[in-house]
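Novice: Chain residues, written in single-letter form:
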Amino acid sequence: MSEQARTGAVKPRRFGGWYVAEHRFRVMRSYLQTVLVTGIGNPFLYLFAMGVGLGSLVSQNLGPDAVNGVSYLQFVAPALLCSAAVTVTAEEFTYPVLLGFKWNPTFYAMNAAPIAPGQIIDGIVYSVIVRLFATCGIYYVFMLFFGAVPHVWGVVSILVAMLTGLAFGTVVMAYVATIEQDSGQVAMLMRFVLLPMFLFSGTFFPLSSMPWFLQWIGWISPLWHGTELSRVFAYGASEPLWLIAVHVLYLAALFVVGWAWTRRIAARRLNK
Amino acid sequence: MPAPVIAATNLVKKYKDFAAVDGISFEVAPGESFGLLGPNGAGKSTTMRMVGAVSTRTSGDLSVLDLDPNQFGPEIRSQLGVVPQSDNLDSELRVRDNLIVYGRYFGLPLSHVKARADELLAFAQLEDKAKSKVDDLSGGMKRRLTIARALINDPRILLLDEPTTGLDPQARHILWDRLFRLKEQGTTLVLTTHYMDEAEQLCDRLVVVDKGTIMAEGSPAALIREYSSREVLEVRFGSEKNAEVAGMLDGIGERVDVLPDRILVYSDNGEAELVRMTERGLHPITSLVRRSSLEDVFLRLTGRSLIE
Chain A
1 MSEQARTGAV KPRRFGGWYV AEHRFRVMRS YLQTVLVTGI GNPFLYLFAM GVGLGSLVSQ
61 NLGPDAVNGV SYLQFVAPAL LCSAAVTVTA EEFTYPVLLG FKWNPTFYAM NAAPIAPGQI
121 IDGIVYSVIV RLFATCGIYY VFMLFFGAVP HVWGVVSILV AMLTGLAFGT VVMAYVATIE
181 QDSGQVAMLM RFVLLPMFLF SGTFFPLSSM PWFLQWIGWI SPLWHGTELS RVFAYGASEP
241 LWLIAVHVLY LAALFVVGWA WTRRIAARRL NK
Chain B
1 MPAPVIAATN LVKKYKDFAA VDGISFEVAP GESFGLLGPN GAGKSTTMRM VGAVSTRTSG
61 DLSVLDLDPN QFGPEIRSQL GVVPQSDNLD SELRVRDNLI VYGRYFGLPL SHVKARADEL
121 LAFAQLEDKA KSKVDDLSGG MKRRLTIARA LINDPRILLL DEPTTGLDPQ ARHILWDRLF
181 RLKEQGTTLV LTTHYMDEAE QLCDRLVVVD KGTIMAEGSP AALIREYSSR EVLEVRFGSE
241 KNAEVAGMLD GIGERVDVLP DRILVYSDNG EAELVRMTER GLHPITSLVR RSSLEDVFLR
301 LTGRSLIE
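So the sequences go chain by chain: A and B.
FYI, the working numbering numbers position 17 of the first sequence as 17, with every residue one higher than the one before it.
FYI, the working numbering numbers position 202 of the second sequence as 202, with every residue one higher than the one before it.
Bound conformation, chain A alone:
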């Protein structure tokens, strides 16, 4: 009697996370238009407005290699790439998680099938990695098109941006997974965490040009660490080796801790 059960669980135990990812892709297909429009529209608009528009103003006043020894476009492009990754994860790690636990409790349905709670979280992470790769890849092509990447190693900044998005997103996901009573926390998060982070993470101006009492925002912000790291690859920004190590470790740690923590929360929450 139990033999059949043992056989039946072999594939779900091994590939459960991928089945959940497959579910996410099917759902994403229903908002594919949004994915494509933001994936293609955003890089064009941001690179044009910030890099070319604002950039020409900066170079008129400060010369063509005004910031960090490169043009404003080249300075701002890697940061925009990382921000795009963070925008994707701020969306994909919040609403689908809130939905699955609460509004349309599909996580309970998955768990009633042979999928373990941790695998549900894995599946979300896998699907976001795929979407991040597409988004960042497209963004990078636009950066090349705008002449925003002088360095051949710039292509690595795609991976850096993905890691940045995952570092931010999985920690946010852990928080969202604990929300039992939804009173608009996610909207607050977007307004009071995501937006300030976007503005004060050395995205549009170096962190050092901010008043000292605001610079801590950068140090805790995964976006600042990611931006600084991607600038190293994109145009060879000079950064001490220890600080590069800090960037990588900080981002990787957030990603791993956020992921593992959410798995635990899911296991506790689904086992009632």
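Hints in this document: simulated from the structure, not taken from any laboratory.
C-beta: ideal position from N, C-alpha, C; glycine also.
There's no promise every hint is true.
Unchecked claim - Estimated spans, in silico, between C-beta atoms of each pair:
#, chain 1, residue 1, chain 2, residue 2, range
1, A, Leu195, B, His112, 44 to 50 Å
2, B, Asn10, A, Ala245, 55 to 61 Å
3, B, Lys114, A, Gln4, 19 to 25 Å
4, A, Leu195, B, Pro109, 42 to 48 Å
5, B, Ala122, A, Ile40, 38 to 44 Å
6, B, Asp135, A, Gly184, 18 to 24 Å
7, B, His112, A, Gly147, 39 to 45 Å
8, A, Pro150, B, Gln71, 56 to 62 Å
9, B, Pro109, A, Leu249, 38 to 44 Å
10, B, Gly166, A, Val37, 36 to 42 Å
11, B, His112, A, Phe44, 42 to 48 Å
12, B, Gly166, A, Trp103, 58 to 64 Å
13, A, Leu249, B, Thr58, 50 to 56 Å
14, A, Gly184, B, Gly166, 26 to 32 Å
The hints should help you fit chain B onto chain A, whose structure is shown.
Specialist: Same frame as chain A, but now just chain B:
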């Protein structure tokens, strides 16, 4: 009796100090249709979640398909079909895709799942809704789709938690018909309900659960035989007078229960009791003789009615 597919011994589930399930024991044989009957909050759903290997028991023994759910959750769940109390269909996917995606969670190949989905849409009488959005379905259709989804893996055991709660009578009968077919095909059914007619229709055997413990066990007919009379005479004298009249019913019926709105007289011959009543000069506003039901069993066992 062949080896049981579910065996629970002194099963307990506590939430802090509150015992939702407080030491229940039962067995379910393969192919049997087994019910947990009880009011809301009796511990039925909690029991179902433990059997469904998604909720860890506090103590006691539980084996499902000869496996311990604590260690072999995915193994057990690969052989179950689960219809939860509240629908958790995926409203972001269309009807047929709900089945396909769910089948994939069991690791079934896509081609197999697609063919099976079409069979099940036919079984659930939802063929023309295949491309509909879930939110556009009626309550009865959603339930049928949930049952279809639970069957995608050809489960050995189908767990149904309050399958027809909230449905109109017609939708309930369609659903019962579908469940009856599954029973005929030999699927083991385990269901919870607080509807006695549902339990009588679908269950070979059931346990009456209240406050986390089992009050009685048996087939619907045996339970009625044991805990109630063949017939029940229901009389109403008006809510003011019921209690007063009840005092004058000595010697009428085997037993009398006074409810706020009516008096129940248990007897093998309800009509005869009514005649004796009127002979004493007691003329109820309304009277009704019916066969005993599980509702009466429950009232007898707990002193409360099932649906309050």
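Novice: Against each hint, give a clear statement of whether it holds in the structure.
Specialist: Okay, the hints, checked on the actual structure:
In this structure the supplied range 44 to 50 Å holds for Leu195(A) paired with His112(B), their Cβ-Cβ distance being about 48 Å. Between Asn10(B) and Ala245(A) the C-beta distance comes to about 56 Å, which sits within the given range of 55 to 61 Å. Distance hint check for Lys114(B) and Gln4(A): the Cβ-Cβ separation is about 23 Å, which falls inside the suggested range of 19 to 25 Å. Between Leu195(A) and Pro109(B) the CB atoms are about 46 Å apart, so this pair conforms to the stated range of 42 to 48 Å.
At about 42 Å, the beta-carbon gap between Ala122(B) and Ile40(A) stays in the expected band of 38 to 44 Å. At roughly 23 Å, the beta-carbon separation of Asp135(B) and Gly184(A) lies within the given 18 to 24 Å, and the hint holds. Checking the proposed 39 to 45 Å range against His112(B) and Gly147(A) shows it is violated: the Cβ atoms sit about 52 Å from each other. At roughly 57 Å, the beta-carbon separation of Pro150(A) and Gln71(B) lies within the given 56 to 62 Å, and the hint holds.
At roughly 42 Å, the beta-carbon separation of Pro109(B) and Leu249(A) lies within the given 38 to 44 Å, and the hint holds. Roughly 40 Å separates the CB atoms of Gly166(B) and Val37(A), a value that falls within the hinted 36 to 42 Å. Checked against the given bound of 42 to 48 Å, the beta carbons of His112(B) and Phe44(A), roughly 44 Å apart, stay inside it. In this structure the supplied range 58 to 64 Å is violated for Gly166(B) paired with Trp103(A), their Cβ-Cβ distance being about 19 Å.
The hint said 50 to 56 Å for the Cβ distance between Leu249(A) and Thr58(B), and at roughly 41 Å that hint is violated. Range check, Gly184(A) to Gly166(B): Cβ separation about 29 Å, and the 26 to 32 Å hint holds.
Consistency with the previously given hints fails for numbers 7, 12, 13, ordered from lowest to highest.
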